[in-house]
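Protein chains: 4
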Amino acid sequence: MQSPPDSIVAKAAGRPRDARIGQAVLHATTEILEEVGYQRLTIAAVASRAKTTPPAVYRRWPTKAHLVHEAVFPSTSEDVLPHYGDLREGLRSMLLSGVQLLSQPSARAAVPGLLAELAAAPTLHADILSRFAGGEWAWLPIRISQGIENGEVRPEVRAATLLDLISGSAFLATAVGPPERIDPQWIDEVIDLIMRGIAPDHETN
Amino acid sequence: MQSPPDSIVAKAAGRPRDARIGQAVLHATTEILEEVGYQRLTIAAVASRAKTTPPAVYRRWPTKAHLVHEAVFPSTSEDVLPHYGDLREGLRSMLLSGVQLLSQPSARAAVPGLLAELAAAPTLHADILSRFAGGEWAWLPIRISQGIENGEVRPEVRAATLLDLISGSAFLATAVGPPERIDPQWIDEVIDLIMRGIAPDHETN
Amino acid sequence: MQSPPDSIVAKAAGRPRDARIGQAVLHATTEILEEVGYQRLTIAAVASRAKTTPPAVYRRWPTKAHLVHEAVFPSTSEDVLPHYGDLREGLRSMLLSGVQLLSQPSARAAVPGLLAELAAAPTLHADILSRFAGGEWAWLPIRISQGIENGEVRPEVRAATLLDLISGSAFLATAVGPPERIDPQWIDEVIDLIMRGIAPDHETN
Amino acid sequence: MQSPPDSIVAKAAGRPRDARIGQAVLHATTEILEEVGYQRLTIAAVASRAKTTPPAVYRRWPTKAHLVHEAVFPSTSEDVLPHYGDLREGLRSMLLSGVQLLSQPSARAAVPGLLAELAAAPTLHADILSRFAGGEWAWLPIRISQGIENGEVRPEVRAATLLDLISGSAFLATAVGPPERIDPQWIDEVIDLIMRGIAPDHETN
DNA sequence: TGATAAGCGAGACGGTACGTCCGGTCTTGAG
DNA sequence: CTCAAGACCGGACGTACCGTCTCGCTTATCA
Numbered sequence: 300m301q302s303p304p305d306s307i308v309a310k311a312a313g314r315p316r317d318a319r320i321g322q323a324v325l326h327a328t329t330e331i332l333e334e335v336g337y338q339r340l341t342i343a344a345v346a347s348r349a350k351t352t353p354p355a356v357y358r359r360w361p362t363k364a365h366l367v368h369e370a371v372f373p374s375t376s377e378d379v380l381p382h383y384g385d386l387r388e389g390l391r392s393m394l395l396s397g398v399q400l401l402s403q404p405s406a407r408a409a410v411p412g413l414l415a416e417l418a419a420a421p422t423l424h425a426d427i428l429s430r431f432a433g434g435e436w437a438w439l440p441i442r443i444s445q446g447i448e449n450g451e452v453r454p455e456v457r458a459a460t461l462l463d464l465i466s467g468s469a470f471l472a473t474a475v476g477p478p479e480r481i482d483p484q485w486i487d488e489v490i491d492l493i494m495r496g497i498a499p500d501h502e503t504n
Numbered sequence: 300m301q302s303p304p305d306s307i308v309a310k311a312a313g314r315p316r317d318a319r320i321g322q323a324v325l326h327a328t329t330e331i332l333e334e335v336g337y338q339r340l341t342i343a344a345v346a347s348r349a350k351t352t353p354p355a356v357y358r359r360w361p362t363k364a365h366l367v368h369e370a371v372f373p374s375t376s377e378d379v380l381p382h383y384g385d386l387r388e389g390l391r392s393m394l395l396s397g398v399q400l401l402s403q404p405s406a407r408a409a410v411p412g413l414l415a416e417l418a419a420a421p422t423l424h425a426d427i428l429s430r431f432a433g434g435e436w437a438w439l440p441i442r443i444s445q446g447i448e449n450g451e452v453r454p455e456v457r458a459a460t461l462l463d464l465i466s467g468s469a470f471l472a473t474a475v476g477p478p479e480r481i482d483p484q485w486i487d488e489v490i491d492l493i494m495r496g497i498a499p500d501h502e503t504n
Numbered sequence: 300m301q302s303p304p305d306s307i308v309a310k311a312a313g314r315p316r317d318a319r320i321g322q323a324v325l326h327a328t329t330e331i332l333e334e335v336g337y338q339r340l341t342i343a344a345v346a347s348r349a350k351t352t353p354p355a356v357y358r359r360w361p362t363k364a365h366l367v368h369e370a371v372f373p374s375t376s377e378d379v380l381p382h383y384g385d386l387r388e389g390l391r392s393m394l395l396s397g398v399q400l401l402s403q404p405s406a407r408a409a410v411p412g413l414l415a416e417l418a419a420a421p422t423l424h425a426d427i428l429s430r431f432a433g434g435e436w437a438w439l440p441i442r443i444s445q446g447i448e449n450g451e452v453r454p455e456v457r458a459a460t461l462l463d464l465i466s467g468s469a470f471l472a473t474a475v476g477p478p479e480r481i482d483p484q485w486i487d488e489v490i491d492l493i494m495r496g497i498a499p500d501h502e503t504n
Numbered sequence: 300m301q302s303p304p305d306s307i308v309a310k311a312a313g314r315p316r317d318a319r320i321g322q323a324v325l326h327a328t329t330e331i332l333e334e335v336g337y338q339r340l341t342i343a344a345v346a347s348r349a350k351t352t353p354p355a356v357y358r359r360w361p362t363k364a365h366l367v368h369e370a371v372f373p374s375t376s377e378d379v380l381p382h383y384g385d386l387r388e389g390l391r392s393m394l395l396s397g398v399q400l401l402s403q404p405s406a407r408a409a410v411p412g413l414l415a416e417l418a419a420a421p422t423l424h425a426d427i428l429s430r431f432a433g434g435e436w437a438w439l440p441i442r443i444s445q446g447i448e449n450g451e452v453r454p455e456v457r458a459a460t461l462l463d464l465i466s467g468s469a470f471l472a473t474a475v476g477p478p479e480r481i482d483p484q485w486i487d488e489v490i491d492l493i494m495r496g497i498a499p500d501h502e503t504n
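Protein chains in written order, with my numbering: chain A, 300 to 504; chain B, 300 to 504; chain C, 300 to 504; chain D, 300 to 504.
Any given hint might turn out to be false.
Identical copies go unnamed one by one, so any copy, or any two together, can satisfy a pair.
As the list claims (entries may be wrong) - SDA-like, lysine to any residue: derived pairs with alpha carbons at most 20 angstroms apart:
hint : residue 1 : residue 2
1    : Lys-350   : His-326
2    : Lys-363   : Gln-338
3    : Lys-363   : Pro-373
4    : Lys-350   : Ala-323
Since the hints were made in silico from the structure, they are not lab data.
Could you build all of it, start to finish, from the sequences and the hints given here?
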C-alpha cells in the first residue's frame, strides 16, 4: 500500500522488511474483523495475533482504515476485463460481483466502519471507493451510451443514476438484514426491473 | 426514548428530570455532529456544550448511538398518514422524504457511524431501522399488492426488493458524494426508471 | 448544635424532630468513625446505620465536620471548674484531660480530618477550637500571672506560648504513633520539664 | 519518589519519562494548594494546570497524598549536616527549621490534609514522617545523651519526649492561628523554656 | 376541628472527581 | 532501515458517590 519498494532502482538501504509480517497481519486482520467487528478491532490486537508489534504494522499502513481496506479488498487487480457484450449480462455481472464482494463476512464487518471513517476523513475517498466495483464502474457509462445509440436504452438514462441504483441496492441488501436474503432470485428481480426501467417505450426485454 | 413511565397512574418517585437538560443535550448533539462528525463526538463534549455533565447524559441515553439516533431522527411520530392514492406520487414521496431525511447535515454525519455501530451491536437494529422511512415502509407492500390487482404492477414484483432499490439508492446518493448531486431531476429519473421497471408489459407510464 | 429550640418562647410550629434520630445518628457517627476514619465516613453511611436517611441528618448538622465534631466532643459543658490551686497540678490536669480527650479512638480518627477541614473553611474555627481544652484555656493565663506575682513563675513566661507547648505536645503525642506511647511517665516528664522551664532561676521545683 | 531504578546499571527499557512533566506537575501542585487547599485540589486540576493529563500524574505518584507530600517537602536531601556543637543552638535550629518548613503557604495548606490521610492509611507514615525534620531527628538523641554525660542535661530527660514538645509546638503554632504569631521572640521563649527544663538543678543556662 | 407547617422515608437527580483503558508514539538495543 | 520489547503520553471513558430535591405521608401546633 505504501512504499512499493521500487524494485528496479534503489536498493532500499537498511534491513529489508520481513514479507511474512505483512501477510500475517492481513490475515490476522480479516480474522479479527469477523470476530469482533471493525470498531473493536485494534492495531495492537492485530499485531499480537500476527506475532509482531504495533510499530511494524504502522510502518506498513498509516491507518486502521487502510489496513482493513487492504485486508478486505485486496488489490488483486484481477479486474476482469469488462465485456462489452450483452447489456443484461453486464449489469447482472456488476450487481453479482458487488454483492459477492460485500457479502463476505469480513466485508460485512468492515464496510460500515470504513464508510464511517470515510465520512469523517474524506482522504480515503479515492483509495477506497475506487475499487468498490472494480473496473466495471468504468464499463457502465460506455456501455450505456452504446446502448442508447443502438436503441437498447432510453436516451434519458444516465449511467450515474443507474450506478446509484445498482450499488445502493447491493450495499443495502448486504449491509442490513441477514445475508440469506440475497439469492439468485433477488438478483434476477433487480436486474429485470432495471432492464425494463431503462428500455425504450414499446419494447419488452 | 426511554421511561415515559406509564404517564397515567404512578408518579415516579424521586426528583424528576430537568426537561431542559434533555433538550439542550439533543441540540448540542446535532451541533457537534455537524462540526466534527460521529466518531469525534464525545459524550463529554456534548454534556459540556449543553452546560451539564456526562452522568446526566448517561442517565437519559445508554449509548452514544442512542443519543445520536434520537437527536438526528427524533421520534416525532408525525408519521404522515400514508396516502393510498397515486402510486407514482407515493413512491416519489417515499424517496423524497428518505433523501431529505438523510440529507440534513447532521444525518449525513451520523448515518455511517450509526450503521457501523449497528453492525457491531445489533441491539439497536430494531430501534434505529424501524424509523428510517417512518410509516411509509408499511405503506409500500399494501400499495404494491393493490397495484398488482388493478394491473398497475407486474405480479412478479416484490415490495421488499423495491424497498431495497429505493432505500439503497437514497442512502447511497446521500452518503457518498456531495449533496448537490441529489436534485429533483435525480429523483424524477429514479422514479421514472422504477415505474417503468415495475409496470406490466406493453404499458407505458 | 443548631436551633436550640429556644425552649422558652416559640413552640416551633410543625412536626417536631424525632429526638431518637439525633441520638442514633451521633452514635452511628462515632462507630463509623472508629471503623473507617474521617475521610471515608459518609453521611449516607451514617444515616443508613442510624436507620434514617441523609436529609434527616442534614436537617440537624450542616456539614460532616459539624456532625463529627458534636459526636466526638459533645457539648457536655461539664467544664470542670478550674481550680486555682496548685500550679503543677493544674498544668498536669490540663495536659491529662487534653490527652485523654484526644486519645479516644473516635477522636484519634476525627481530629486530623477536622483540622484539615478547619484549615480549608475557617468558619468552623470558632465552633471547634473553642472547646478543645474546655474551660481550662481560660484558667491558664490567670494562673500564670498569679504565679508571676507570687514568684512561682518567671516574669518572661507568656501563657500563650505555654499553651502552644502543652496543646502541641498533647496533640502530637496522640496524633502520631501508637496510643501506648502516652503513659503516666510521659505526662510526668512533660510537666516536670515545663515546671522547671517556667520556674525562676535558682529555684528547684 | 519512586523508580529511580538502580541508576547505575540498567537503562530502563521503553520510552523514558518526560522530565518536564514531573516538574510542571509539582509546580502546579503547590500553586493549586495555595489557592484552594488540600481537599479541593484535584489530580485533574493539577494535570490541567501542568498542561498534561491525569494518567501522566498517576504514573508518577500513586496518590494525591504522595504528590502533595513531594511537592511541599521535596526530597532535597540537602540534609544540613547536623552540628554536634552547642546544644541551645542545635535545638533552636531544629525548631526554627521546623517552623519555617511548616510556615510556607503551601505547607500550611497541605499539612492538615496529609495528616488526615496519614491517619486513615498509615502506609504513608514512613514516607511522610521520615522527612518532617530532616536529619535533625537523628541528631537529637545523640546530642542529648552526650549532654547527659557532660552534665548539660538531666539524666531523666528522654529525647523522644523532647521531640514531642518541639515538634508539637512547631506544628500547633503553624497550624492554628495566623502565621504572624510565630516570631523570633516566640522561638526564643520556647527554646529558653526547654533549655531550663532540661538543665540539671542548680544550674542556670 | 380543620388548616398550617415542618419532619419523615424513599428515591432519583445534578454534578464533581475519579482512576483506568487503550490508541498511537517514542526509545532502546540488536540485527 | 528494520525488528521486538516496553514504557510513555494523552484522549476518552463510564462510574461512584455526594449533597440536594421532589414526592406523598405523618405528626404536631394554632386558629
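Tested hints:
1. For the homomeric pair Lys-350 and His-326, the shortest alpha-carbon distance inside one copy (11 angstroms) is at most 20 angstroms, but the shortest distance between copies (31 angstroms) is not.
2. In this assembly of identical chains, the alpha carbons of Lys-363 and Gln-338 lie at most 20 angstroms apart whether taken from the same copy (10 angstroms) or from different copies (14 angstroms).
3. With identical chains, the CA atoms of Lys-363 and Pro-373 are at most 20 angstroms apart within one copy only, with a shortest distance of 15 angstroms there and 32 angstroms across copies.
4. Taking identical chains as interchangeable, the C-alpha atoms of Lys-350 and Ala-323 lie at most 20 angstroms apart only when both belong to the same chain, with a minimum of 8 angstroms there against 30 angstroms between chains.
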